[in-house]
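Spelled out from the first residue to the last, the chains are:
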Amino acid sequence: MPVQRILIQLDCDPQASSFDAIVAIDAGAEMLLQHGGVTPDSAVPLVHGAMFTRGGSDLAATAIFIGGSDMQIAEAVYDRVRATFFGPVRVSVMLDPAGANTTASAAVVAAARHLPLGDRASAIGCRALVLGATGPVGQRVARLLAGKGVAVGVASRSLERAKAVCERIGAAVPEARLEAVATVDVSLAGSAFGTAIEKADLIVSAGAAGTVMLDTAGRLLASRARVLIDLNAVPPAGVDGIMSADKSRQSGVALVYGALGIGSIKMKIHRTAVSRLFESNSLCLDAEALLAVGETLA
Amino acid sequence: MPVQRILIQLDCDPQASSFDAIVAIDAGAEMLLQHGGVTPDSAVPLVHGAMFTRGGSDLAATAIFIGGSDMQIAEAVYDRVRATFFGPVRVSVMLDPAGANTTASAAVVAAARHLPLGDRASAIGCRALVLGATGPVGQRVARLLAGKGVAVGVASRSLERAKAVCERIGAAVPEARLEAVATVDVSLAGSAFGTAIEKADLIVSAGAAGTVMLDTAGRLLASRARVLIDLNAVPPAGVDGIMSADKSRQSGVALVYGALGIGSIKMKIHRTAVSRLFESNSLCLDAEALLAVGETLA
Amino acid sequence: MPVQRILIQLDCDPQASSFDAIVAIDAGAEMLLQHGGVTPDSAVPLVHGAMFTRGGSDLAATAIFIGGSDMQIAEAVYDRVRATFFGPVRVSVMLDPAGANTTASAAVVAAARHLPLGDRASAIGCRALVLGATGPVGQRVARLLAGKGVAVGVASRSLERAKAVCERIGAAVPEARLEAVATVDVSLAGSAFGTAIEKADLIVSAGAAGTVMLDTAGRLLASRARVLIDLNAVPPAGVDGIMSADKSRQSGVALVYGALGIGSIKMKIHRTAVSRLFESNSLCLDAEALLAVGETLA
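Protein chains in written order, with the numbering used here: chain A, 209 to 506; chain B, 209 to 506; chain C, 209 to 506.
Incorrect hints may appear among the rest.
Pairs involving identical chains hold if they fit within one copy or between any two copies, as the list cannot separate such chains.
[Said to hold, decoys possible] Lysine to any residue pairs mimicking SDA-like chemistry, simulated, CA-CA at most 25 Å apart:
no., residue 1, residue 2
1, K476, V392
2, K407, S488
3, K455, E387
4, K455, M259
5, K476, G333
6, K407, S265
7, K476, L428
8, K407, L429
9, K371, G333
10, K476, D423
11, K407, G264
12, K371, T247
13, K455, D266
14, K476, R213
15, K371, R213
16, K476, E496
17, K476, Q212
18, K371, M279
In case anyone wonders, no lab produced these hints; they're calculated from the structure.
Start from the sequences and build out the full structure, keeping to the hints where you can.
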């Protein structure tokens, strides 16, 4: 009998996510070991259990998924998990706290359908603006776009926090071209925010649920944008005029995507990524690797 | 490959019930997501995971079971779960904390084999007495019988608590005919308790484990009762002369059922109900719906 | 459809062991109910769930595994689990906290390949020395060897703790021949420790990870030992000159086993034992029974 595909779900929240569990099952995980309230320390023996129970090619039938609503704790668990492996004694691992990495990847995959992000020389000519860029999804969208060569405006109500995010992304992506932008009332003449909107080829809104990030006036300024993506699923719309189900709908000069439109791409990336975990014992699927998975599906 | 049948077990106790888990597996759940210590608040994201991972007819392959030893918390979770659904974005859900709903349903199914409870016009002519009626099972037995039209004596050592239960049932079943009865020494001449015993066509004892609810003297008073049910599985018997394994055994003028006799009916209801959860995405199986399931098995 | 093989994993640590879970799945458990932070009290309703859900021969398809890093709590859970069963209403249960019982069994199985432990009359002529004998694995190795009739030196830095272990083993194995030995610098002339090393036919080192239990000088004293076993997997070696992967390697006059060499035997015992749990509903697999399982594999 072939060995069962086992996914160890390490979740930093007290209750392990049922969303991640169901997607994992639908992606082919045959057994699920769910752990809630996981910390870097408590992850170590769980990783040892993955490392020392199966040998040879059977090792690929065990994998680890790291989730939870706190991105920082989840990343710390991810780092500890990888530091616990040694040599070939390892299993594949995926990091997707609150779906932030698969969602950010899906947004970039959607944008790349209409903008030349796949070719670095062309991507360098693109400008993007990420609204709500200090949140978990926004940060990853900005990082992924910067990694493609796109010039990225990192917008937040707090210029200070926007700058901190730019520094963090700059540390991970040294060649990144980033600009911190404070979101202000767009009616203020000559604001950096207004200018950033006007110059953007791509705007991705990743603000809190139910928060308007780009109102009617702001939307009018976005005359150059060919793609507008709103990741907010809760009314009112984060970007004026975008509906949740929008998926490459023409709206003015732009093609627009809503939360459900991106969500269907996200689900494909999520499922495909989990199934890939079982193809080898050495994958490390963080945001960049998940984007690469998404690009193979496009 | 067809999608797996996933049951999300929301248990209010720290350790999710193994009883409920094993019955669910035997009823056809292919994957089980067990959660202990669930509260109304922590249930919400778990329900979202059920709602937003599968679409169309696949949604019926996910279902929710709510259990635990605290009926009130479990009911609060049940209410929150249903309030979290919207429109057709929902899954089937079953409420059976500590088996109270399936056990109460089984007791009524057993009684209905010998008393005309299925026909409202006849049921109105029946009188029942529920002993230990303020406990989780007793309350549900009283409510289910009242819903059938039976006149129900709600007995408790505390008349006050019996009255509170009558009010609660009356709120849920406006047409209910209920009488609060204080359990006293049956040798007291002319007590309301003695009268209630004498007039009852059906007596269901749902007291605490190992507690005598109807002693030899009390049993002698029950001259009119055609069915006596004792749900206590721990010696001494809750109703004098009933043995745990009794299942429609003739004892004096009555047919008697013990805890195991009712338990076998309960197990059939429990298993059938779980399997029905996966037939649609919109079932809500609380006590009344579980009784309806039991009636289809009779 | 045949009933699924369900293993209830009762783990005393907050996070249930993934090691035990994966081995159980590979041994044929089809469904796993994992419980962390289990205490004797919280185990009882979980055992009831195993007892009262399936009947007849189906009862053998449910089993209980008790693990965790604290041997004493795990043993208390094991005792409570067995006390909860009554008559034929029981399921098979295995006790293997932190793998101590399967590891100790594997060490004795390895030793018995080269020493006449299978025959009591011959075993009585053997002397063993267990280093780190107060730890969970060391205690069980000493107990299993004493049960075979071997004269066992129980060595610890603390003579007091060594004596306490001797008393505990003596209570479980009345015929045991045990000697408490304080581990000291072997260069001390005429120490009881030096004498115990010199006289031992078998030395098993079960000290803490990365702790040298028998250095070069000590190893030289072990002139009579035909088998040396080091259960420490973390450098430096617990016994000078033994490598983790050693499995019956000739080293001087002795055959030596390292942690991985014993580990492969342990895994076979562990898997076989779990699969046996489902063959009847009345097995109780503690250290002695697990050794018996190991002997059938030799």
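Hints versus structure:
1. K476 - V392: Cα proximity of K476 and V392: none, with 36 Å in one copy and 64 Å across.
2. K407 - S488: Neither: 43 Å inside a copy, 50 Å across copies.
3. K455 - E387: neither (28 Å within a copy, 61 Å between copies)
4. K455 - M259: between (42 Å within a copy, 21 Å between copies)
5. K476 - G333: neither (29 Å within a copy, 61 Å between copies)
6. K407 - S265: neither (51 Å within a copy, 45 Å between copies)
7. K476 - L428: Answer is neither: 33 Å inside a copy and 64 Å across each miss the 25 Å cutoff.
8. K407 - L429: Answer is within: at 9 Å inside a copy they meet the 25 Å cutoff, but 82 Å across does not.
9. K371 - G333: Within one copy, since 23 Å is at most 25 Å while 77 Å is not.
10. K476 - D423: neither (31 Å within a copy, 58 Å between copies)
11. K407 - G264: For K407 and G264, neither the intra-copy (53 Å) nor the inter-copy (41 Å) Cα distance is at most 25 Å.
12. K371 - T247: Answer is neither: 28 Å inside a copy and 39 Å across each miss the 25 Å cutoff.
13. K455 - D266: This pair counts as between: shortest inter-copy Cα distance 23 Å, intra-copy 40 Å.
14. K476 - R213: both (19 Å within a copy, 20 Å between copies)
15. K371 - R213: neither (43 Å within a copy, 47 Å between copies)
16. K476 - E496: Within one copy only: 16 Å inside, 40 Å across.
17. K476 - Q212: Intra 23 Å, inter 18 Å, cutoff 25 Å: intra and inter.
18. K371 - M279: within (19 Å within a copy, 51 Å between copies)
Consistency note: the structure conflicts with the earlier hints numbered 1, 2, 3, 5, 6, 7, 10, 11, 12, 15.
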